[in-house]
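Knowing the structure of chain F, use the given hints to seat chain A on it.
For reference, the chains in residue letters:
Number of protein chains: 2
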Amino acid sequence: MKSSAAAHPNIAFIKYWGNLDHDLRLPANGSISMTLGGLQTRTTVEFDPDLSQDSFILDGAQAAQESLRRVSQQLDLIRSLAGFPYKARVQSENSFPAGTGIASSASGFAALTVAACAAAELELPPKELSRLARRASGSASRSIFGGFVEWHKASTDEGSYAEQLAPADHWSLVDWVAVVDEEEKEVGSSQGHRLADTSPLQEARISSAAGRLTATRQAILSQDFATLARFAELDSDMMHAVMMTSNPPLHYWRPTTVEVMQRIRRLRSQGIPVFYTLDAGPNPHCLCPEDRAEIVQEALLKIPGVRRLLRAEPGGPARVLSEAD
Amino acid sequence: MKSSAAAHPNIAFIKYWGNLDHDLRLPANGSISMTLGGLQTRTTVEFDPDLSQDSFILDGAQAAQESLRRVSQQLDLIRSLAGFPYKARVQSENSFPAGTGIASSASGFAALTVAACAAAELELPPKELSRLARRASGSASRSIFGGFVEWHKASTDEGSYAEQLAPADHWSLVDWVAVVDEEEKEVGSSQGHRLADTSPLQEARISSAAGRLTATRQAILSQDFATLARFAELDSDMMHAVMMTSNPPLHYWRPTTVEVMQRIRRLRSQGIPVFYTLDAGPNPHCLCPEDRAEIVQEALLKIPGVRRLLRAEPGGPARVLSEAD
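So the sequences go chain by chain: F and A.
Per this note's numbering, the very first residue in the first sequence carries number 1; after that it's consecutive.
Per this note's numbering, the very first residue in the second sequence carries number 1; after that it's consecutive.
If you're looking for bench data, these hints aren't it; they were derived computationally from the structure.
Remember, it's a predicted structure, so these values are computed and weren't measured experimentally.
Accuracy of the hints is not assured; some may be wrong.
[Unchecked claim] The following label-pair restraints were derived from C-beta to C-beta distances:
1) A:324 with F:305: 51 to 61 Å
2) A:226 with F:266: 47 to 57 Å
3) A:302 with F:1: 57 to 67 Å
4) A:248 with F:324: 50 to 60 Å
5) A:191 with F:305: 29 to 39 Å
6) A:154 with F:64: 16 to 26 Å
7) A:207 with F:73: 32 to 42 Å
8) A:248 with F:67: 34 to 44 Å
9) A:248 with F:311: 50 to 60 Å
[Stated by the list, open to error] Far from chain A by the CB rule (all over 10 Å, computed), these chain F residues:
10) 48
11) 64
12) 85
13) 218
14) 313
15) 319
Each residue gets a CB set at the ideal place from its N, CA and C atoms; glycine is no exception.
Same shape as in the complex, but just chain F:
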């Protein structure tokens, strides 16, 4: 009753922000992402009839109470599917530091879901794993799959899951994450999603999402970088517009964030294919074709406020680890 799994985080080109149903994490709009190979979470779950409660060790230390609560809630879903009540020991390690603007909840809850299902000997197809991961963290539904992924909006639990648009080797992109601020976020994403509807702009963002999804899906399938760049930047700016105008407002951009965005637009105006996109944090992800990765890296390293760069490429799906892994 013990299994380990690994999963990658992902970066959304069309963002998830706001829910139709907060408890079920049914998103207000569909989203599209790239799974980030090179960064991963490894999680081991051991169900044990002798345990009186769940425990959760994260990066070598007892996890915070709120994190344990979310893990237990996800284990409850899996226990209910498996038909047993056993508590579990959970151990999880990230290959990337917390607070770097990399969504560890996506890779973390994807790995937890896959490991716990394997430990419970539940053999679920990826689509069902995606639905299940969604319950713990919306973006985790996308990290079940590798490569380029779309998560569907639906009004029911059954209908909202992710699917692969194209595998990791479809397109050699590089994502440089420019870490400009390593402080923990003041407002976590789960709380932020609840604020989305307080922005006068959220409804317009949602009602115009279908067009951006179609354009982005097509751009990925046809490897049309310029179109992907245009819609990904627009969608990122739209999500931050909603955040900034919610009540209370969420302002994630720092001075260096804006400097990186400016630099990226300037590089593009000089003919270098590159774009930025930001999750709910201050650290821009800067994406370019692999053969431009060095030029972009050099340009980013010249910005004084950029503390370090993390590199990622299209990665594979969440997977059960064998003893040898």
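Then chain A, alone, in the frame of chain F:
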């Protein structure tokens, strides 16, 4: 047939961005501003039957062709009202430098309109001067009045003019303009207004403007600084959200812009009543009650990217100057 007039620029708390009718400059939404005493444009207009064309000297030099064209167009309206065809010499001087984020078109076209009407011996009430100034530059309609001013949205030329909400001595506020970038704008406001409708967020901004106008009007009348601060920052962020998501996008924020915005929010969280608002440019206006002006000034001067501060207070209406002025 010669007169001089002076007018102040203004800073909008509820912004004008986008038109129902570009030629008539009928705004997509109503707006509210404070007239900025301490900064002014002085303009002299002399109609002369012997001239074969209009001339326009701005700050001591021949104005650019495009500026002369806009001045002539405005003079045409006034010539048509006056019933004569005489060309004019126009001289204009700003007490504040161009490209500092102070809308010189508002004070400039208000002063031009008042001076030209006086030179043409047209005696128009302020409301009519406001309508007329609007034709040259939307925000100039507000600079006809002193103090706190509302410009009404309407679907006809007759219905869209500004009115005073409260005189300059109603509320002792100070506006510190933090100059972070003195470069000329790449995209002027007239051109920008035409892009507003390309943003998926503009309609939501417009349809939610009535609530912000009501709240802001009430906040001014009752001197409720906290409410004014909340709605002015929200409205400024909403206008920039529309700008950033238009096609092509307009990104006016610089790294230091965001640093000033952060600093202002932090000051407020420390109990100092202050808020920011930005026009179509990178330079934040930071408003506070007069008795907090020094604290805010000190905080702004500590930000390395702030090149200088301009100070303004509620100012008077546009007025004809006598020989003695």
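Violated hints, by number in ascending order, as checked against the structure: 2, 6 and 9
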